Amino acid sequence: MLDISNLTKIYDGNVLAVDQIDLNVEAGEIFGFIGPNGAGKTTTIKMMTGMLNPNSGSVKMDGLDIQKNPIEAKSKFTFVPDRPEIFDAITGYDYLNFIGDIYRVPVGERKERFEKFTIPFEINKDLGKPINTFSHGMRQKLLISGALLPNPKLFILDEPLTGLDPKSSRLLKDIMREHCNQGGTVFFSSHVLEVVENLCDRIAIINRGKIIAIGTVSQIKAQGDSLEDIFLEMTKDE
Amino acid sequence: MSNLIALVKVELKNYMANTNANLGVGNKKILVFLLLGLLAFSFFVMGYQLSVSLFTGFEQINQSELTFTVIYLLANMLILFLSLTALINLFYYSKNTGFLLTLPIKENTIIFSRLAVQYVYSFVMSAMFLIPCYVVYFQRASFTIPMLVSAIVLLLITPLIPLVLATILIVIIMSFANKYISRRMMTIITNVLLLVFILGFQMIVVRQTESSSFILDLLLSESGMLYYFSLQFPPAVLATRAFAGGMINLILFIGLNIGLVALASVIIGPAVKRTLREYQQGEGKVKVKQAKYVESSQLSVLIKRNLLIIFKNPAFLMNMLILILLPFIMVGINMISGQFSFADMKSMIEEIGTQEFSGILTVILAGLLAAPAFMGTFSATAITREGRYLWQLKSMPISAELDLKARLMSCFIMSMIGIIVILPFAIYLLPISIIEVVLAVVLAVVSIVTMLNIDILIDIERPLLNWTSPTQAIKNNLNIMLALAWRIGVILLVFMISKLLPVINAENIQYVLLGIMLILLVISYKLYQKGIKRYEKLEI
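As they're listed, the protein sequences go chains A and B. In my numbering, each residue's number is its place in the first sequence (first place is 1) plus 93. Under my numbering, the second sequence has 327 at position 339, and the numbering climbs by one with no breaks.
Worth flagging that the hints you see were computed from the coordinates, not collected in a lab. Computed from a predicted model, the values in this text were never measured in an experiment. Incorrect hints may have been included.
Some but not every residue of chain B turned toward chain A, in silico, with C-beta under 7 angstroms [unchecked claim]:
| hint | residue |
| --- | --- |
| 1 | V40 |
| 2 | A279 |
| 3 | E527 |
Below, computed lysine-lysine pairings styled on BS3-like, alpha-carbon distance capped at 25 angstroms [as the list claims (entries may be wrong)]:
| hint | chain 1 | residue 1 | chain 2 | residue 2 |
| --- | --- | --- | --- | --- |
| 4 | B | K300 | A | K161 |
| 5 | A | K218 | B | K280 |
| 6 | A | K161 | B | K94 |
| 7 | B | K514 | A | K218 |
| 8 | A | K222 | B | K525 |
| 9 | B | K277 | A | K161 |
| 10 | A | K204 | B | K514 |
| 11 | A | K169 | A | K246 |
| 12 | B | K487 | B | K514 |
| 13 | A | K204 | B | K94 |
| 14 | A | K222 | B | K300 |
| 15 | A | K209 | B | K277 |
| 16 | B | K277 | A | K153 |
Positions of the beta carbon are idealized from the N, C-alpha and C atoms, including for glycine.
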């Protein structure tokens, strides 16, 4: 589903943020992307989603290169960023309709799809209000609901659990699993190792722009006691 | 006090860094100095010319110090006008106000630190008028060391009075923000009312001076002319006398400034305490809309999004409304205050019409119609206005071509609103035939499309996405200055062509302009295709 090959990003000609990484995410799996602050997670995600241009390498979504076929490739995924910064003077309904129009969600299906996620997230009653009256967590829930609205093949999230209450965190984890069970794919970055350990089918650890470990949780855990110990050992300063 | 100093230092550093970033020349300090130097020089030349003209006139009546009075009044009015919107944005709509409110500092400290930022901007603005005035006066009238001292002190404190007055007005009015209408609307209404109030005050004062007894008193009094000018802004009397070498007047003027600042801190204190927090909570009254499920094309939702970004942001909306409506506000206030009647204006225009200036009239009409687009703030900030929201469109399945098309069309719609509003009045007022009207509309539309194309290319090259105050996004940035610069270049080109080629006259000038605009349109279209590719590669 997601094929990253030899991906490199150099900022200002001399800061190597992402160094020739290769990554492959299969359809139907939940893939966790972890690493310490400044390791290159967000830069990688920005290149995956078309916000940054790589210096070399490629990102393919369902076989489509995001550099060569940006529209088709972007139709395959939706993205939830780490900070819910969206145009917030409109109402929740306006926002969801906007997403629906961009991803061509048929109008007849919208009510059902709006409610599918906004009711469990308990923001349904607030959709008529301007987003700038929403709390951080409510905005995050709205962004997640919007991203799930087109039923994307690949669901990309950058630090999705930040700002969510325990109930919503649990709900999101259930939604991610259900999405994969129905044939979708989830790629997310996180600092919460416990979540990654319990939820992901496979994980990759990035440090200083390089992938230093990739595999199933049990494969990686075979190298030590716990994922946390292994993570700290692998990412410690040399 | 130490909190205030610390906050002022941070705010000023932030302001300088933002100004530097807005110039878009990175760390190339020489380029920054060159750009700023060029700007300062241009303004100095204009200020110098103005001061020379004024000095020549006032010297004849033996009151050359009135040169300072008029320049001082001009600087004050300019600061007062420009500060109104800027201060509302700085006080109430800056994104970091919420964070500052969590720090152990007084609300007044936040307001004064923001005032310090606006002071720097206002100081530069007043210096561009006052310094050329000083040069002219010292060259042609007299120069003494006490006068130089007074001039420097006056230069430093000139921005204080208009800034303090603007602050008091804004804080008091915003503290009465009605809970039954949205704050966004309240802000817009406040801005319009303030503009009308200040313009109206000026006009009423001028009207009062038209009475014969006033003119008689004026002629009999030694300082009559000074009082006449200072009626619109009384501190000008003290400032002028201080400038002319009166040390006591200088001390009094300094005292007046200190007193006003102290008064402002007493008056605005309680209001600021309440309003700063209230405005961090979003809308005062939340209007809940019903669920609706409607389908639109990608292009139309993108246009709607672009327009909403303007309509829902008070600073952007005010800017748009002022661009479209300012000529009407000015004419309206003039008529209300009796400066000149509708009939006077019509007869003046008809006089121009009888002098075989049909081409000029077409160009005037086209200029009026294209005026909102001329200022460049619609188009040269079309991407900048998105700010931090641009990530969303970049990660969505939307082509760069469609995205830019939507931005162009949004700007075009706003320019069309200007045409629709202005055209009926212009046709009624101008003695112009239908063919000339059609030609003017064609010229205006071609010019608008050309301007939009080129301006968006400027914004593609250097969008400013990390602004904290909306004022940064739509004003005070190099994109708008570049947009204005190339327009002035075209005007100069037309002027030079008309001088070099005798065959071009007031009857056919419109065709020359249309020809130039069509050539620019073709060039801009070619460049626009490259711009699409640049936009595709734009990193955020």
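Exercise. Is K204/A within 25 angstroms of K94/B, Cα to Cα?
Worked result: 48 angstroms, violated
Exercise. Are the Cα positions of K487/B and K514/B separated by 25 angstroms at most?
Worked result: 30 angstroms, violated
Exercise. Regarding the pair K169/A and K246/A, is the alpha-carbon distance no greater than 25 angstroms?
Worked result: With Cα atoms ~5 angstroms apart, K169/A and K246/A stay inside 25 angstroms; holds.
Exercise. Hint check: is the beta carbon of A279/B less than 7 angstroms from a beta carbon of chain A?
Worked result: 6 angstroms, holds
Problem set entry | Restraint status (C-alpha distance of K514/B to K218/A at most 25 angstroms) | 49 angstroms, violated
For this session: Quickly compare the C-alpha distance for K218/A and K280/B to 25 angstroms and report which way the hint goes.
Result: 13 angstroms, holds
Exercise. Does the structure keep K209/A and K277/B at a Cα separation of 25 angstroms or less?
Worked result: 20 angstroms, holds
For this session: Take the C-alpha atoms of K222/A and K525/B, compute the straight-line distance between them, and say whether it is at most 25 angstroms.
Result: Violated, at roughly 35 angstroms.
Exercise. Going by Cβ atoms only, is V40/B closer than 7 angstroms to chain A?
Worked result: 48 angstroms, violated
Exercise. Can the restraint linking K277/B and K161/A be considered satisfied, given a maximum Cα separation of 25 angstroms?
Worked result: Violated, at roughly 41 angstroms.
For this session: Verify the proposed pairing of K161/A with K94/B, using a straight-line Cα cut of 25 angstroms.
Result: 54 angstroms, violated
For this session: Would you check whether E527/B satisfies its interface hint, that is, whether its CB is within less than 7 angstroms of any CB in chain A?
Result: At 5 angstroms from the nearest chain A Cβ, E527/B passes the 7 angstroms test, so the hint holds.
Hint compliance for this structure: hints 1, 4, 6, 7, 8, 9, 10, 12, 13, 16 are not met, and every other hint is.
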